[in-house]
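Protein chains in written order, with my numbering: chain A, 392 to 639; chain B, 209 to 473; chain C, 66 to 280.
Just so you know, not all the hints are guaranteed correct.
Here are the computed lysine to aspartate or glutamate pairs in the EDC-like style, where the Cα-Cα straight-line distance is at most 20 angstroms [said to hold, decoys possible]:
#1 B:LYS360 x B:ASP418
#2 A:LYS606 x B:ASP362
#3 B:LYS247 x B:ASP418
#4 B:LYS443 x B:GLU273
#5 B:LYS340 x B:ASP418
#6 A:LYS606 x B:ASP249
#7 B:LYS301 x A:GLU511
#8 B:LYS247 x B:ASP362
#9 B:LYS247 x B:ASP451
Hints in this document: simulated from the structure, not taken from any laboratory.
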Amino acid sequence: MSDFLQTLTSRLPSLGDAILVTLELTLGGAVLAMALALLLGFGARTRSLWVRGPSRVFIEFFRGTSLVVQIFWIFYVLPVFGFKMEALAVGIVALGLNFGAYGAEVVRGSVASVPASQWEATIALNMSWFHRVRRVIFPQAWALMIPMLTNLLIQLLKGSALAYYITLHDVNFWTTQLRRATSETVYSFTAGLLVYFVIAYLLTWGMNALEERAKRRLGRGTRPSLRDVVGLRPAVGTAAITGRGTAA
Amino acid sequence: MTSSTSTAQGGVPAIEFKDVVKRFGDNVVLDQLNFSVAKGDRVTLIGPSGSGKTTILRLLMTLEEANGGLILIDGDPYTHEYKGDRWVEIPEKRRRVVRNRVGMVFQQFNLFPNMTVLENIIEAPVNVLGLKKADAVARAEQLLEQVGMSEKRDFKTNQLSGGQQQRVAIARALAMDPEILLLDEVTSALDPEIVADVLGVLREIAETTDITMLLVTHEMQFAREVSNRVLMFDKGQIVEEADPETMFTHPKHERTQEFLKAVLG
Amino acid sequence: MTENGIWNWEHAWEVLPDLLEGLVVTIEATVVGMAIASILGLFIALAMRSPSRWVTIPLRFVVDFIRMTPLLVQLVFVWLLFSTIPTLVVGFTVLGVHYATYMSEVYRAGIEAVPKGQWEAATALNLPKSRTWRAVILPQAVRNTLPGLGNYAISMFKETPFLFAISVVEMYTKAQQYGALTFSYIEPLTLVGLLFLLVSYPTSLLVRRMEIRLA
Numbered sequence: 392m393s394d395f396l397q398t399l400t401s402r403l404p405s406l407g408d409a410i411l412v413t414l415e416l417t418l419g420g421a422v423l424a425m426a427l428a429l430l431l432g433f434g435a436r437t438r439s440l441w442v443r444g445p446s447r448v449f450i451e452f453f454r455g456t457s458l459v460v461q462i463f464w465i466f467y468v469l470p471v472f473g474f475k476m477e478a479l480a481v482g483i484v485a486l487g488l489n490f491g492a493y494g495a496e497v498v499r500g501s502v503a504s505v506p507a508s509q510w511e512a513t514i515a516l517n518m519s520w521f522h523r524v525r526r527v528i529f530p531q532a533w534a535l536m537i538p539m540l541t542n543l544l545i546q547l548l549k550g551s552a553l554a555y556y557i558t559l560h561d562v563n564f565w566t567t568q569l570r571r572a573t574s575e576t577v578y579s580f581t582a583g584l585l586v587y588f589v590i591a592y593l594l595t596w597g598m599n600a601l602e603e604r605a606k607r608r609l610g611r612g613t614r615p616s617l618r619d620v621v622g623l624r625p626a627v628g629t630a631a632i633t634g635r636g637t638a639a
Numbered sequence: 209m210t211s212s213t214s215t216a217q218g219g220v221p222a223i224e225f226k227d228v229v230k231r232f233g234d235n236v237v238l239d240q241l242n243f244s245v246a247k248g249d250r251v252t253l254i255g256p257s258g259s260g261k262t263t264i265l266r267l268l269m270t271l272e273e274a275n276g277g278l279i280l281i282d283g284d285p286y287t288h289e290y291k292g293d294r295w296v297e298i299p300e301k302r303r304r305v306v307r308n309r310v311g312m313v314f315q316q317f318n319l320f321p322n323m324t325v326l327e328n329i330i331e332a333p334v335n336v337l338g339l340k341k342a343d344a345v346a347r348a349e350q351l352l353e354q355v356g357m358s359e360k361r362d363f364k365t366n367q368l369s370g371g372q373q374q375r376v377a378i379a380r381a382l383a384m385d386p387e388i389l390l391l392d393e394v395t396s397a398l399d400p401e402i403v404a405d406v407l408g409v410l411r412e413i414a415e416t417t418d419i420t421m422l423l424v425t426h427e428m429q430f431a432r433e434v435s436n437r438v439l440m441f442d443k444g445q446i447v448e449e450a451d452p453e454t455m456f457t458h459p460k461h462e463r464t465q466e467f468l469k470a471v472l473g
Numbered sequence: 066m067t068e069n070g071i072w073n074w075e076h077a078w079e080v081l082p083d084l085l086e087g088l089v090v091t092i093e094a095t096v097v098g099m100a101i102a103s104i105l106g107l108f109i110a111l112a113m114r115s116p117s118r119w120v121t122i123p124l125r126f127v128v129d130f131i132r133m134t135p136l137l138v139q140l141v142f143v144w145l146l147f148s149t150i151p152t153l154v155v156g157f158t159v160l161g162v163h164y165a166t167y168m169s170e171v172y173r174a175g176i177e178a179v180p181k182g183q184w185e186a187a188t189a190l191n192l193p194k195s196r197t198w199r200a201v202i203l204p205q206a207v208r209n210t211l212p213g214l215g216n217y218a219i220s221m222f223k224e225t226p227f228l229f230a231i232s233v234v235e236m237y238t239k240a241q242q243y244g245a246l247t248f249s250y251i252e253p254l255t256l257v258g259l260l261f262l263l264v265s266y267p268t269s270l271l272v273r274r275m276e277i278r279l280a
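Work out the full structure, taking the sequences as your base and the hints as a guide.
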């Protein structure tokens, strides 16, 4: 145990680097995913078949073909076509594409559950489409989508552990190195998993704070109990839309 | 087929329907409807539910698409036009120019929950009409005063009762300075004791402005006080048209008699 | 695609039987994993309703910990820890336990969605607690959970390639092996992706239909 602690301490600086890589993958992937999710989520709702069709195909394709396959395809196969990217970029792009497709469904669903009467009011006030979405529809959909986006963000963080297999030195890599150096499987992996857990916890905490803010903007501020802010209960389907706050 | 019921005395009518057809699936709601409303007119549409009266307001607000015919605002084509023989949709860009003249108050208020009362009112004047924010706020405050909601200026909308929300919604519609105001059963979602407040606000607007008003309502007393013309609809057609006094005391058509008997008891 | 010789149909035909063999393992993993997840998830959900904090708080922590840390790392961890247990068993079990934490939330939501009146009616009929659960609440709750179960089955199916990390030879690993052997990754990796799509898309349509029917 003390040997292990000694090795662990000496490896703390490299843990910092590893966390940085994992965070770069997670946040980079999340930003790309969110941008795609907005584009495809609204694209899948338009009347024009030329926009809706490709959006749907894109969504179903990247949801259907497994993150693992996608990341290795981009890593091994894409260079054959002349697209060679750094491993970090491969990770971010793969995570972004995959979770962007999932996010698109969240965006589409949340926008669809903003009452049609809100759209009608924006038409009656003669707003442009972009203005409607930006000022009226999206702020309301946003409050609905955050719990589901939180789930996706945690999934994305977990998926980022694949990066180790495309040569990146992330937390997963750091964990296996620690085990190799100490031969302590239980301690090493517990340490590694704890690091992931803390990151996931902080991300969830941040997202819950965002959700509270979004709700307060809609005048549905719940003055959250500590448990609501700190709690980690995941959203399940539509229950996430109504279940939160009312659950005892 | 309904004959034109225009009462426009010279000048271009504010609203004109020409052979307007609206279907929902197989259900024909409006069948080649013709009618017009003169500038400054206050017209109440009455009739049993499903007779197409709300559909007319929704067509005028472009919340529904017509399946045929023309809708003109001040003589300008609004939703569709004929290019040669072809009946084509007018693109959103051109619709928006005309739509600025039309405002609507909804049965369910439809205030934006992510904005305060004041923000609800100034949102479109600032971002659609391009008013300076200070001017929009000054106008909004004046309107809030008029509807008796000044002290709720910075409230979120879901802190308000239904009657208060509807008064804000009226102020929001008026802030766009519409030439035409559509009122779609604006008191139907309100508790009975609140209805009088909202009607009072509308009555004042009718008295102090020359906005063309088109209203669908079940409040016959209100229709009588505010409007100068009543159209009775049945199965997507106008079956009778008269000034309110005549319509409510001496309805001619059998369907009108039945309807008024059922509504007024 | 064939013009510049990037895509080789011969490779594609050669690797396809291997991939289909792998697909069988992938589907096995999903079925066994989901069976574990469904049963264990229900027990977790029921245990979480225990009035004792000595049960719920530690359980909550364990469930959160498993749910919020990477399956991939968990697989390798357990695999290294129990090197004597057959790899397939380790893989299926870890997959099942990981998803049990998700399924427990599905059951929780399903149980909470049973109307209060059902409990009250059971009380009014003086049904014993165990009978109330078995005959009244759970049948309705399970019905509520079917779409959730379907969705997680699909998502587990797409996560089975993580098993490559502990050298379970499922579909992706087959492709990887072929690629390493022949230095041509394009055919096996593309085909694996398409095979995933081929199974998961129709299944997801089925689940969606079920969701609509049950809604």
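So which of those numbered hints doesn't the model satisfy?
The structure breaks hints 1, 5, 6 and 8; every other hint is satisfied.
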